[in-house]
Amino acid sequence: MKKHIKKLGILTSGGDCGGLNAVLYGVAKAASAYNIQPFVITNGYAGLYNLDTINPVPLDFDTTDHIRTAVSGSEAGHSRVKISKINDDQKYEKIKNNLKKHEIDALIIAGGDDTGSVVIELIDHGIDCIHVPKTMDLDLQPYSVGGDSTIFRISQFLNDLRTTAITHNRVVIMEVFGRYAGHTAFRGGIGADADCILIPEIDVDYKIVYEHFKQRFTERLDGSAMNATTYSIVVAEGTKGKDGGTFADSSSGMDSFGHVRLAGAGANVKRELSELAKQDKAYWADVFTRNGIYVPNINELPEIRDMIPGHLVRCGSTTPFDVSFGKQCGGAAVMLMLEGIMGVTIAGMSNGKIKYMDIHEAIKQRFVNLDDVAFYEQLGVCFGRSASSFMPEIERVTGEIERYVS
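Each residue of the sequence shown is one higher than the one before, counting from 75 in this note's numbering.
Because the hints were derived from the structure by calculation, they are not lab data.
Glycine included, every Cβ here is placed at the ideal spot set by N, Cα and C.
It cannot be assumed that every hint is accurate.
DMTMM-like mimics (lysine to aspartate or glutamate), calculated; alpha carbons at most 25 Å apart, straight line [to be verified]:
{"id": "1", "residue 1": "156", "residue 2": "139"}
{"id": "2", "residue 1": "103", "residue 2": "139"}
{"id": "3", "residue 1": "429", "residue 2": "202"}
{"id": "4", "residue 1": "429", "residue 2": "188"}
{"id": "5", "residue 1": "344", "residue 2": "374"}
{"id": "6", "residue 1": "355", "residue 2": "374"}
{"id": "7", "residue 1": "281", "residue 2": "451"}
{"id": "8", "residue 1": "355", "residue 2": "451"}
{"id": "9", "residue 1": "80", "residue 2": "177"}
{"id": "10", "residue 1": "316", "residue 2": "413"}
Derived CB-CB ranges, DEER-like [stated by the list, open to error]:
{"id": "11", "residue 1": "76", "residue 2": "200", "range": "44 to 52 Å"}
{"id": "12", "residue 1": "294", "residue 2": "467", "range": "28 to 36 Å"}
{"id": "13", "residue 1": "363", "residue 2": "154", "range": "48 to 56 Å"}
{"id": "14", "residue 1": "356", "residue 2": "432", "range": "55 to 63 Å"}
{"id": "15", "residue 1": "409", "residue 2": "194", "range": "18 to 26 Å"}
{"id": "16", "residue 1": "469", "residue 2": "356", "range": "27 to 35 Å"}
{"id": "17", "residue 1": "452", "residue 2": "174", "range": "23 to 31 Å"}
{"id": "18", "residue 1": "448", "residue 2": "159", "range": "37 to 45 Å"}
{"id": "19", "residue 1": "444", "residue 2": "367", "range": "52 to 60 Å"}
{"id": "20", "residue 1": "154", "residue 2": "367", "range": "45 to 53 Å"}
{"id": "21", "residue 1": "195", "residue 2": "470", "range": "57 to 65 Å"}
{"id": "22", "residue 1": "413", "residue 2": "194", "range": "35 to 43 Å"}
Kindly produce the complete structure, drawing on both the sequences and the hints.
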């Protein structure tokens, strides 16, 4: 049933990433095409709750024209606020009344699983919303705005680190975001030719990682005319230690959605490999001696460095793919609203079809497919386990083919 909409609100929520400005731009342009007035509700759910004291910002031509879609972050601003945790018994009525005061008929909300859970709460309280999937973690069911940009940044940084690593014959361990799903570590590592990728979906056997490192590092050193070598590891923050537990930053507590802030997985991998190398000093003395780099008590073992790029993987520039996908999702959300379709997650657009799904399904966490891992194990990448055999299914594809990561 078609719905008459005169004004709509757009807000972004959760962590920042690439593609969000493209969503704003897509909403603004599509709304203008259908004679709808779009408004930005600033600073996420905090702004939505406080619409009695602040005004939504009109997304007119001049404002939209200054949005740089190739820049990460969000012109609309964010806040980590869970509506249900606000100490106000009338919070939902307040939001509805404020939307009515500003004559906003519906909301388009871009965010990840936490944001999506709040969208469900708003819908349950009679507020019309559409959810645009956004998370650099890529753990929502459809492709999510920000994933490609983050993968590109991870790959870029790891490739850049190779220059300093090979200069000093170092092992480089890079710990990246992703919480309990390893998509960004997996794809980012593959994109940068990482030797080893450690993800939460696989319990790490450090002895297997050590033996893989030992072989690759030595082969490169022995085969180099310049006696130079390196070895690279990408580790997802939610990767488990030997006891099966994850590593948390105890000094930071929990965020407003009850998530423990993870940190330390990379440092743990460094500790494990360093200890195994110390137990193997005779081997390294022989390798370093024949390559002319052994110095007693000074240069006896491979140097292992860990680093965390942190927010650098979610800032800066947005890839063309995320710009395109963000614009599609923003524009498609407007078009779905006009058709009277509310309370859903945009899943993308291809071949002239707008696709959407139930929000409850969309925000269910998805993990790295271990068949994909097995494929790359055949190409020599270590994932901290004994390599699995890979027996692919063969399929001839006809008709429509999805053109985005799913």
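Right, here's what the structure says about each hint:
no. : hint                   : result
1   : 156 to 139             : 31 Å, violated
2   : 103 to 139             : 10 Å, holds
3   : 429 to 202             : 18 Å, holds
4   : 429 to 188             : 21 Å, holds
5   : 344 to 374             : 17 Å, holds
6   : 355 to 374             : 7 Å, holds
7   : 281 to 451             : 17 Å, holds
8   : 355 to 451             : 28 Å, violated
9   : 80 to 177              : 8 Å, holds
10  : 316 to 413             : 52 Å, violated
11  : 76 to 200: 44 to 52 Å  : 20 Å, violated
12  : 294 to 467: 28 to 36 Å : 35 Å, holds
13  : 363 to 154: 48 to 56 Å : 54 Å, holds
14  : 356 to 432: 55 to 63 Å : 60 Å, holds
15  : 409 to 194: 18 to 26 Å : 22 Å, holds
16  : 469 to 356: 27 to 35 Å : 51 Å, violated
17  : 452 to 174: 23 to 31 Å : 59 Å, violated
18  : 448 to 159: 37 to 45 Å : 42 Å, holds
19  : 444 to 367: 52 to 60 Å : 38 Å, violated
20  : 154 to 367: 45 to 53 Å : 48 Å, holds
21  : 195 to 470: 57 to 65 Å : 45 Å, violated
22  : 413 to 194: 35 to 43 Å : 20 Å, violated
Consistency with the previously given hints fails for numbers 1, 8, 10, 11, 16, 17, 19, 21 and 22, ordered from lowest to highest.
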